[in-house]
Amino acid sequence: MRRAWLLLILCLPLLAYANIEAYRFDDPDKEARYRVLIAELRCLVCQNQNLADSNAELAQDLRRQTYEMVQKGSSSEEVITYMVQRYGDFVLYRPPFRPSTALLWAGPFIIFVIGVGILMLFIRRRNKEPVVPLSSEEHARAQSLLDKDNT
Amino acid sequence: MKARYLIPFGIFMAIMAIFVLGLHKMSEDPNFARNVPSVLIGKPAPEIMLPDLFDQSKTVNTSSLMGKVWVLNVWATWCPECWREHDFLMHLAKKEGVTFFGIDWRDDESAAKKFLNDKGNPFVAVGFDPESRSIMNWGVYGAPETFVIDKQGIVRWKKAGAMTRELWETELKPLIQKLEKG
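Protein chains in written order, with this note's numbering: chain H, 1 to 151; chain B, 1001 to 1182.
The shape of chain H in the complex, shown without the other chains (with noise of 0.2 Å):
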């Protein structure tokens, strides 16, 4: 009874199955160029997914698309410019250096440049610290204990 339906559990994820077109190539170089493109364009619809990940029927058509142009032979720059072209910066998830993108690019180092001033500052604060010297009644602590760690 028990083997009976761990064995239809066990069938359980043949129903799961990737409901993505799968088109075919007639070079492998293309194929690869097509997953790498549609791993690095931006599904306009559900926008923190790329072309190759959203299920939105826009990005069938893009990916239709993408294929379509890839299989005629167009190169990678070519798919690209087509698509910033209609659908701007935005469908790329590498966005140009531009006056525009400045600040995302270069963000997360300015960020990491205030980061270290700060740590700087402090580092440097603690050192200018005077160092209080012991009194005789911590030094004869001090004495014992290091009395006790010889004997």
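Everything labelled a hint here was simulated from the structure, so no lab data went into it.
Here a beta-carbon is modelled for each residue, glycine too, at the ideal position from N, C-alpha and C.
Certain hints may be false.
[Claimed, not checked] Computed Cβ-Cβ distance ranges for the label pairs, DEER-style: (1) 1007/B - 136/H: 35 to 41 Å; (2) 55/H - 1174/B: 39 to 45 Å; (3) 1108/B - 21/H: 19 to 25 Å; (4) 1052/B - 29/H: 39 to 45 Å.
Start from chain H and add chain B according to the hints.
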């Protein structure tokens, strides 16, 4: 001296405030985060060559609209906002004399025809685009989307989301009046 330990807390609260404000703004306007700026503004309108929704043996195109100020509306029966804005589009076409060209995007043909027959047809022509062939050229990523094209065939304005009376009064009407003069 104790106040020093409140600084990180203060920074945390400031960041929280920014998030709350951002979320609030988004909930007020569903298009706030989604409005991707159109790269087409100021550029020539892409050519539209699509089968006619009402007679697929014919094609519709926008060449006859050259020299006119016209409005492109991308719609579909699966899009709730399109249902909502439809009566107002009818009003604009009938009462304000706006020239609408429609693209029916990724839609069921008979449902789309029924929609226009039942609710009225504000469009001078409707292209049927089940495979996003044409809308891709316009950088459309949702429905409804509305574009204004001037007499020289240059795209002047774009809005993702439903047309409202407020939008018409504040943006679209003044723009169309200006373009009509030019």
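Structure-based check of all given hints:
At about 39 Å, the beta-carbon gap between residue 1007/B and residue 136/H stays in the expected band of 35 to 41 Å. Hint check: residue 55/H to residue 1174/B, Cβ distance near 40 Å, so the stated range 39 to 45 Å holds. Distance hint for residue 1108/B and residue 21/H: a CB-CB separation of about 20 Å, consistent with the stated range 19 to 25 Å. In this structure the hint that residue 1052/B and residue 29/H lie 39 to 45 Å apart at CB holds, the actual value being about 41 Å.
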